[in-house]
Amino acid sequence: MSDSGATGTPGAGPAVSRTVDPAADPAADVAAFFWDGCARREFWLQHCTSCDAWQFYPRSLCAHCWAPTGALEWRRPGGGAVLQSFSVVHRGSGAFAEHAPYVVALVRLDEGPVMMSNVVGDVVGDVVGLAIGARLELGFAERAGRVVPVFARAGEPAPGPS
Amino acid sequence: MSAARSAPVHIAGAAQEIVGRGRPAPAYRNLLAAAATGAVADAGLDRSDVDGLVLSSSIPQPFECNPAEVAEYLGLGTVYTAMAPYGGRPATDVLHIARSAIHAGLASTVLVLSADTFATTLGLEGAIELYMKSFDAVYERPFGPLIPTAFALMTARHIHDHGTTLEQLAQVAVSIRRHGLLNPHAEVTGELTVAGVVADTVVSTPLTRSMLALISTGGAQGFVVSRERVDARSVTLLGYGEASAFMSLSQAPSLTHFPHIRQAGDLALRQAGVTLADLDFAQFYDPATIVPLILLESLGFCGPGEGGAFVEDGALEIGGRLPVNTHGGTLAFRHPGMGAALDSVVEAVTQLRGEAGARQGPDARLGLVHGQGSWLATNGFAVLGRS
Numbered sequence: 001m002s003d004s005g006a007t008g009t010p011g012a013g014p015a016v017s018r019t020v021d022p023a024a025d026p027a028a029d030v031a032a033f034f035w036d037g038c039a040r041r042e043f044w045l046q047h048c049t050s051c052d053a054w055q056f057y058p059r060s061l062c063a064h065c066w067a068p069t070g071a072l073e074w075r076r077p078g079g080g081a082v083l084q085s086f087s088v089v090h091r092g093s094g095a096f097a098e099h100a101p102y103v104v105a106l107v108r109l110d111e112g113p114v115m116m117s118n119v120v121g122d123v124v125g126d127v128v129g130l131a132i133g134a135r136l137e138l139g140f141a142e143r144a145g146r147v148v149p150v151f152a153r154a155g156e157p158a159p160g161p162s
Numbered sequence: 001m002s003a004a005r006s007a008p009v010h011i012a013g014a015a016q017e018i019v020g021r022g023r024p025a026p027a028y029r030n031l032l033a034a035a036a037t038g039a040v041a042d043a044g045l046d047r048s049d050v051d052g053l054v055l056s057s058s059i060p061q062p063f064e065c066n067p068a069e070v071a072e073y074l075g076l077g078t079v080y081t082a083m084a085p086y087g088g089r090p091a092t093d094v095l096h097i098a099r100s101a102i103h104a105g106l107a108s109t110v111l112v113l114s115a116d117t118f119a120t121t122l123g124l125e126g127a128i129e130l131y132m133k134s135f136d137a138v139y140e141r142p143f144g145p146l147i148p149t150a151f152a153l154m155t156a157r158h159i160h161d162h163g164t165t166l167e168q169l170a171q172v173a174v175s176i177r178r179h180g181l182l183n184p185h186a187e188v189t190g191e192l193t194v195a196g197v198v199a200d201t202v203v204s205t206p207l208t209r210s211m212l213a214l215i216s217t218g219g220a221q222g223f224v225v226s227r228e229r230v231d232a233r234s235v236t237l238l239g240y241g242e243a244s245a246f247m248s249l250s251q252a253p254s255l256t257h258f259p260h261i262r263q264a265g266d267l268a269l270r271q272a273g274v275t276l277a278d279l280d281f282a283q284f285y286d287p288a289t290i291v292p293l294i295l296l297e298s299l300g301f302c303g304p305g306e307g308g309a310f311v312e313d314g315a316l317e318i319g320g321r322l323p324v325n326t327h328g329g330t331l332a333f334r335h336p337g338m339g340a341a342l343d344s345v346v347e348a349v350t351q352l353r354g355e356a357g358a359r360q361g362p363d364a365r366l367g368l369v370h371g372q373g374s375w376l377a378t379n380g381f382a383v384l385g386r387s
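Residue numbers (this note's numbering), protein chains in the order written: chain A, 1 to 162; chain B, 1 to 387.
Hints were generated in silico from the structure; no laboratory data involved. There could be a bad hint or two in this list.
[What the hints assert, rightly or not] Example chain A residues on the side facing chain B (calculated, C-beta under 10 Å, incomplete):
#, residue
1, Gly37
2, Cys51
3, Trp54
4, Pro58
5, His64
6, Val89
7, Ala95
8, Pro101
9, Ala105
10, Val114
11, Met116
12, Gly133
[To be verified] Just some of the chain B residues that point at chain A, by a computed CB distance under 7 Å:
#, residue
13, Gly126
14, Ile128
15, Leu153
[Unchecked claim] Chain B stretches covered by chain A per the calculated footprint, using a threshold of three residues with CB under 8 Å from any CB of chain A:
#, stretch
16, 156-168
17, 202-210
18, 310-319
For clarity, every value in this text was computed on a predicted model and none was experimentally measured. Where a beta carbon is used, it is the ideal one built from N, C-alpha and C, also for glycine.
This is chain A alone, in the form it adopts within the complex (with noise of 0.2 Å):
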């Protein structure tokens, strides 16, 4: 792994002190990054160009390797992904009240990593059809004036404006 010496690695000699400055550094927000982009309707996800793994949740460095911000590129991922688990969910709390009987679903993202996201288009609340392992492609909803990214199964309409 590379720069580790510049991270003050316990062996690697003396501790470095380094001043941190979040204006000169592009990834310094990840999240407002990945969110910034789901408002213009892209996906952007992180990839290490030092061990080659995709990540996430976006982070400041790669949970694989630990290669520092610098390695990581921001990618379009294609789109594609496996339903790993999936619950109705009938009482929704809060905001979400509203939106009950929703889905929440843990999605395999065709590049590896797993997210936490929506499946929307179904008839929930009657979920024939939708199962594990089933063929999810990626869309966009818009809620309380908020672009979040979700997933439909694959051959029917992409989740679109609403």
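Based on the hints, put chain B in the right spot on chain A.
Chain B alone, transformed into the frame defined by chain A:
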């Protein structure tokens, strides 16, 4: 490791404050004070014997007061203090912190306290919303998971991978309800049936209301953890193991099999010098009925996917192969908040003392207590035995 460092410590006293279903809990400090005086009296000690205090955070008031404030409120004078802060921790960790303080020579008689009042403070709906905030604010909460949804996602995958049935998941609730009905302080009444549990209101598929923990208005627990065995009612903390492997459910290596649970359990058992076969009972944190199945499988009581078959025919009931949650757990006794796993410790102490009355297990000499943070993200196991 020297013999002195590894010497087991003892739970010399235990107390449990009962609030009752739907009744408003006393103020937080009143509950802590009652648990403190109760635990010290139960140990047959005097407050002047206490030279340490470990405070468990509660869910809505992680720093309502710091442990030094509590020690001062109780008039304990000069003591070692520590706090287990809020955040994905198994509540059983306070036993480990007390033991560590004793092993380090910081204290010899440690009061451990926990109190929760959150559904009193926030109401039921407020409590549910607060629990939802356990999910990652940036990448999970935008999708609306309830706490039950985390366990529902595990359940759905377990059903998919292993053919586990809703009836098997219901059987866990039926068995633990039977224990709760033997507990005079249980917050529920009436037998459950497998068919009734399956047909109950769905909260987050495939889990119905009866497959999920209660939400209680409050409660408290107190313990005296001591270097020395005080008397025959002292219970010995023979081992403690803990491990964490993720926090966000999307980062879990699997939704059905958790090697870090095995590691935490093995650490506790190895320290105690015992095996699973030696255990007379287990008190598992049971926020949803899938959790005991996963624990049985991950700890090695049965193979992967065999948890459903294990729980059939009342194996988890008193007199069965492995009595689980003899007090009724959070499914049938109460769920006061962070201290739910400490109710399990109180029950283990009560069983090992032979003082559990109608729900006393036969010849209970060795038990396992489980606590978890969030959704099996962090797990702590304590092995307790008769002294």
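Evaluated hints:
no., hint, in the structure
1, Gly37, "violated (13 Å)"
2, Cys51, "violated (17 Å)"
3, Trp54, "violated (13 Å)"
4, Pro58, "holds (9 Å)"
5, His64, "violated (12 Å)"
6, Val89, "holds (5 Å)"
7, Ala95, "holds (8 Å)"
8, Pro101, "holds (9 Å)"
9, Ala105, "holds (8 Å)"
10, Val114, "holds (5 Å)"
11, Met116, "holds (5 Å)"
12, Gly133, "holds (8 Å)"
13, Gly126, "violated (9 Å)"
14, Ile128, "holds (5 Å)"
15, Leu153, "holds (4 Å)"
16, 156-168, "holds (count 3)"
17, 202-210, "holds (count 6)"
18, 310-319, "violated (count 0)"
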